[in-house]
Amino acid sequence: METVTLNHYIILSSILFGLGIIGFVTRRNALIVFMSVELMLNAVNLMLVAFSRFRADLSGQVMVLFIYTVAAAEVAVGLALLISLFRHMRTVDLTKFNILKG
Amino acid sequence: MITSRDPLPSALGLLTVFIALASLYLHLNAPLVAIFQVTIYAGAILVLVVFVIMLLMTPGERFGERQHNVSYRILGAILSFCTMILIGLGLKGIYDLVGEQTLPEGFGNPGQFGYLFFNNFLLHFEVASVLLLVALIGAIYIAKKKL
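Those protein sequences? They're chains A and B, same order as listed. All residue numbers for the first sequence refer to this note's numbering, where the first residue is 1 and numbers rise by one. All residue numbers for the second sequence refer to this note's numbering, where the first residue is 1001 and numbers rise by one.
There's no promise every hint is true.
To be verified - Derived DEER-like restraints, expressed as beta-carbon distance ranges:
| no. | chain 1 | residue 1 | chain 2 | residue 2 | range |
| --- | --- | --- | --- | --- | --- |
| 1 | B | 1043 | A | 37 | 29 to 39 Å |
| 2 | A | 8 | B | 1005 | 30 to 40 Å |
| 3 | B | 1130 | A | 90 | 31 to 41 Å |
As the list claims (entries may be wrong) - Okay, the calculated bits of chain B under chain A, using three or more residues with CB under 8 Å as the criterion:
| no. | region |
| --- | --- |
| 4 | 1007-1021 |
| 5 | 1035-1044 |
| 6 | 1070-1084 |
| 7 | 1120-1134 |
Simulated from the structure, these hints should not be mistaken for lab results. Cβ coordinates follow ideal geometry from the N, Cα and C atoms, glycine included.
Isolated chain A, as found in the complex:
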């Protein structure tokens, strides 16, 4: 059986990141766009942990912890914004949000 190398993790991570980009650009539901951002963050996390494992350097895992912090902050603020927007516009469809157009 072939062993799992760093390349496998990089390929998996890039596929996850690409799926996140597809979801981010092509969906109109703001909630799904948020979840796509989470997916991209997770792809980066996987890459960091894989590099940390194959370089035998523990700093990558510490970086992942900071990414968790940023993700939690982003989700809290983003969902609060979404609730506030929903209260004004009665929808979460991103194409309907044109109030910043001026």
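Chain A is fixed; fit chain B onto it per the hints.
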């Protein structure tokens, strides 16, 4: 996860991805990160997302309509394809650069992790705590009834 029309099945698909990633972290000698993945992502963040989905789901509204603008869809496909190709091109060079080091004794156990965390990354830790506090206050302020 990105193909389902409703946000709720999409969230459950995301949960599956998170759990699978946690098992991959276990395989990568990162047990602490796996635990954090399950507790923070699958536990806290996803519950928050599902809660908001339940809060905003109004009956009768067509959720999960796709982007009508075709150029956006093509743009998404091209962007993700280019990213994958770009990362794929660098694979060989990265492997030559990094290679595979043999792991030292006890790599990734929580004690070593905590030692590194509170020695080399103490300032980052403090900044992250301030960031969390600011995000908390900001979220409460934004989600208030009257802005």
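Checked hints:
Judged by the Cβ atoms, the range 29 to 39 Å given for residue 1043 of chain B and residue 37 of chain A is violated: they are separated by roughly 18 Å. A hinted range of 30 to 40 Å for the beta carbons of residue 8 of chain A and residue 1005 of chain B is consistent with their spacing of about 32 Å. With their beta carbons about 35 Å apart, residue 1130 of chain B and residue 90 of chain A fall inside the hinted range of 31 to 41 Å. Given as covered by chain A, the region 1007-1021 of chain B passes the check, having 7 residues with a CB less than 8 Å from a CB of that chain where 3 are the minimum.
Counting residues of the region 1035-1044 of chain B whose CB lies closer than 8 Å to any CB of chain A gives 5, which reaches the minimum of 3, so the coverage claim holds. Beta-carbon proximity to chain A at under 8 Å applies to 10 residues in the region 1070-1084 of chain B; the threshold of 3 is reached and the given coverage holds. Here's how the region 1120-1134 of chain B fares: 7 of its residues keep a CB closer than 8 Å to some CB of chain A, so the rule of at least three is met and the hint holds.
In this structure, only the earlier hint numbered 1 is contradicted, and the remaining ones agree with it.
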